[in-house]
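2 protein chains.
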Amino acid sequence: MSKPEEPIRVTYEFALEAGAESETNARRTARAMAIEQSVEVPEGCFPEEFERSVVGQAEDVERVDGVLWRATISYSAALVGEELGQILNVLFGNLSMMSGVRVVEVEWPATLPASLGGPRFGIEGLRELCGAGERRPLLCTSVKPVGHSSAELAERCRQFALGGLDILKDDHSLANQAWAPFAERVERCQAAVEQANRESGGSTQYFPHLTGPLEELGERVEWIRSHGCRGVLVTPLTLGLDTVRWLARRSDLGLAVFGHPSFAGALYQGDHGFTAEIWLGQILRLIGCDGVIYPNTGGRFPISEETCLRVNERLRGPLGVCKPSFPVMGGGIHAERLGHWIDLYGADTIFLLGSSLYAQGDLRRASETLVAALAQSQL
Amino acid sequence: MSKPEEPIRVTYEFALEAGAESETNARRTARAMAIEQSVEVPEGCFPEEFERSVVGQAEDVERVDGVLWRATISYSAALVGEELGQILNVLFGNLSMMSGVRVVEVEWPATLPASLGGPRFGIEGLRELCGAGERRPLLCTSVKPVGHSSAELAERCRQFALGGLDILKDDHSLANQAWAPFAERVERCQAAVEQANRESGGSTQYFPHLTGPLEELGERVEWIRSHGCRGVLVTPLTLGLDTVRWLARRSDLGLAVFGHPSFAGALYQGDHGFTAEIWLGQILRLIGCDGVIYPNTGGRFPISEETCLRVNERLRGPLGVCKPSFPVMGGGIHAERLGHWIDLYGADTIFLLGSSLYAQGDLRRASETLVAALAQSQL
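Protein sequences appear in the order of chains A and B. Residue numbering for the first sequence follows this note's numbering, beginning at 1 and increasing consecutively. Residue numbering for the second sequence follows this note's numbering, beginning at 1 and increasing consecutively.
Derived from the structure by calculation, the hints contain no laboratory data. Hints may contain errors.
Here are the computed distance ranges between Cβ atoms for each label pair [as the list claims (entries may be wrong)]:
1) B:Glu51 - A:Arg27: 32 to 42 Å
2) A:Arg300 - B:Glu51: 45 to 55 Å
3) B:Gly218 - A:Leu379: 39 to 49 Å
Sample of chain A residues facing chain B (criterion: CB under 8 Å; computed from the structure) [said to hold, decoys possible]:
4) Ser74
5) Ala78
6) Asn94
7) Val104
8) Trp108
9) Trp223
10) His227
11) Trp246
12) His272
13) Pro295
14) Thr297
15) Gly298
Yeah, the Cβ is synthetic: ideal placement off N, Cα and C, and Gly gets one too.
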C-alpha cells in the first residue's frame, strides 16, 4: 500500500466483577476483547507478526468509577476494510454476547466516512427540498394511524400540507396492509400533498415508509420516485443497515432518507451496546440518514436532555466528509412549548409532532397553530 | 376476507416501578404497550371500530414476581401482515426504546411461518448435504484467523476436510480484506475442500461468509454457487434480516444458511429485548437459518445450560410449516468432553469447535481425534 492507513479506535466501557476490579484484570479484559474482535483464536494460535497488523491493540485502559473501566482498542484499517458488516462486527460483533460492554467513543479514520458516504442531502439539502432556505427548524408529523384507508390518510396529508408543515412521513406501522397498500397509499398521499402545495404555494414533502421485502425493493423505490416523492422513511435495523446505505448511495434516485429508531432502542438503551450518540448520532449518519428520528426527552420514552444534546452534537458535528444530518425529535412536544425546545436544540432541528396534533382533531388548524408558534419564536 | 385469520399473540415481561407495582398499573402499562405497538396515537384519536381490528389487545396480565409482570398482547393478522419488517416492528419496534421489556413468548399464526418460509434444508437437508444420513451430531469448525492469505486458509480447509469434519465455515471476521479477498478465498477454499473430499471419499462442506455489500450481493451468491459451495455463513443483523430471508427463499441458489450471532447478543442478553429462545430459536429459524450458531454454556460468553436447552428445543420443535433447524453450538467444547455434550443436547446438534482445535497445531490430527471421539460416543 502506498500510504499507511489510519486505524479505527474504539473506546469501550465495561464492568469488572466486584472484588476483581484491579488494573491487571482490566488490562486482561481489554486484551481479551481486542482478540475477540479480531483474530478470535487463543494467544499463541496466530503468527507473531499479526500482532502489528491484524490483532486489535488495547491502548488506554483507565478506571471510570468503582468497577467500571474504559479501554480504547485500535483496529487496523486492513482488518476493518470498508464493508459495513465488518465495520459493525469489529465495533461490537462478538462483544454483543458479553454483558455490560458499551461502545462509548469511536475515532473514525477519514477513509470510513468517505467509503460509507453519509447523507446525500444533509441539513442544507433537506432545507432546499422543503423550500426552507432561511435558518429555522422544520416541522414534521406522522401520517397515521394504521387502519385507515389510503383515501383517509391522503386527506390527513392534505390537511397537514395546507396547514404548512414541512415534512409528512408515514407512521412506521404503515407497511403494505390491506387497509392502505403501499402502492396505492404512496400514490394517493403524494397526490394530495402536491395538490395542497399547488393551492397553498407551499413545499410540503411526503416521505413514505419503505419496508422491503428485498424482492420488491427496486420496484418500490422506482414507484416512490416516479410518483414524485423526494424522500423515504426506513427502519434500518429491520430493513437492513446495508440496505439503507445502498439506498442513500443510489444517486439516480436522489431520495432523502429518514431513519426510524424502531427496534434500535435495544442497542442504545442501558449499559450494553452503544451510547445513543454513537448509534443514533454517528452510525445512522454514516450509513446515510439525512434525518435521524428519535424520542425527545420528556415524552413516552426514557431519555435525558443531556443525551439528546449529545446525539444532536454528533449528528451535526464533523464526521469526515459526511454532511450533517438533522435530528428529528419526536414526542413530548406541544406547540405552546416549541420556543423552549428551539432555544434548547437550535434551528438545525426537525420537530416531529404527532399525538399533540391528532388530539386537536382539526389537523389543518393544529398545523397552522404550530407554524405560527414557530414564526413567533423566530421573531 | 373469506376466513378469519388468527392474530399473533406476544407475551412481554416488564418491570413496574417499585411502589407502583399494582395490577391496575400493570394493566395500564399493558394497554399503553398495545397502543404503542399498533395505532400509536392517544386514546380517543382512533375510531371505535379500530378497537376490534387494529389496536393490540392486552389479554392476560399477571404478576411474575415482585415488580415483574407479564402481559400477552394480541395483534390482528391484518395489522401484522406478512412483511418481516412489520412483524418485527409489532413484536418489539417502539418498545425497544423503553427499558426492561422483554418478548418471552410468541404464538405464531400458521400464516406467518408459511409466508416467511423458514429453513430450506433444515436438519435432514443439511445431513444429506454432508453425507451424514445416520442420526449423529455434525462437526464444524471456523476457518481462521483473519490475516492469513487465501492459500493459507485453503490449506487449513484441506487439513480439516481430510480430518473428516462435516462443515467448515468462514470465521465471521473474514469479509473482503486484502489478505484473502472474497472471490479468491471462496475459490481456493472450496477447491481445497473438494480435492480433499476426492482423496478421502468424504463429503465435507465449506460455507463462505457472505457479507454484502448489497450492490454486489447477487454477484457474490452467484460466485459462491458457481464454485460449488452449497451453503453460506451470514450475520443477519448486519447483513440485513430481510436479506437473509430473501437468500433462503432463492430456490435457484439452493444455498444452506448458517446464521452467526455477531451483534445479536444485544437483543437476547439481559432483561430488555427477546429471550434467547425466541430470538435465536424462532426468529432466526423463521427467516431461514438452517443452522443457528450461538455460544455454548461454559465458554467465553455468559449463557446458562438451561437457556441453551430452551434455544435448541425451539430450533427443533414445531413451528408451523418450518423445517427444524440445527443448533450450532460454539465455544467451550473439547474433544474429551464431547460425549457429555452429546448426552446433553442430543444427536440433532452441530458442534462448532475452533480454539480447541487450533490450539493443537496439527489440524488434521485434531480433527481426526474429534471424529474418533464422536464415533466412540455413538457406540
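Against the structure, the hints:
no.: 1; hint: B:Glu51 - A:Arg27: 32 to 42 Å; verdict: violated (58 Å)
no.: 2; hint: A:Arg300 - B:Glu51: 45 to 55 Å; verdict: violated (20 Å)
no.: 3; hint: B:Gly218 - A:Leu379: 39 to 49 Å; verdict: violated (55 Å)
no.: 4; hint: Ser74; verdict: violated (15 Å)
no.: 5; hint: Ala78; verdict: holds (6 Å)
no.: 6; hint: Asn94; verdict: holds (6 Å)
no.: 7; hint: Val104; verdict: violated (15 Å)
no.: 8; hint: Trp108; verdict: violated (17 Å)
no.: 9; hint: Trp223; verdict: violated (15 Å)
no.: 10; hint: His227; verdict: violated (20 Å)
no.: 11; hint: Trp246; verdict: holds (4 Å)
no.: 12; hint: His272; verdict: holds (6 Å)
no.: 13; hint: Pro295; verdict: holds (6 Å)
no.: 14; hint: Thr297; verdict: violated (12 Å)
no.: 15; hint: Gly298; verdict: violated (14 Å)
Violated hints for the displayed structure, listed by number in ascending order: 1, 2, 3, 4, 7, 8, 9, 10, 14, 15.
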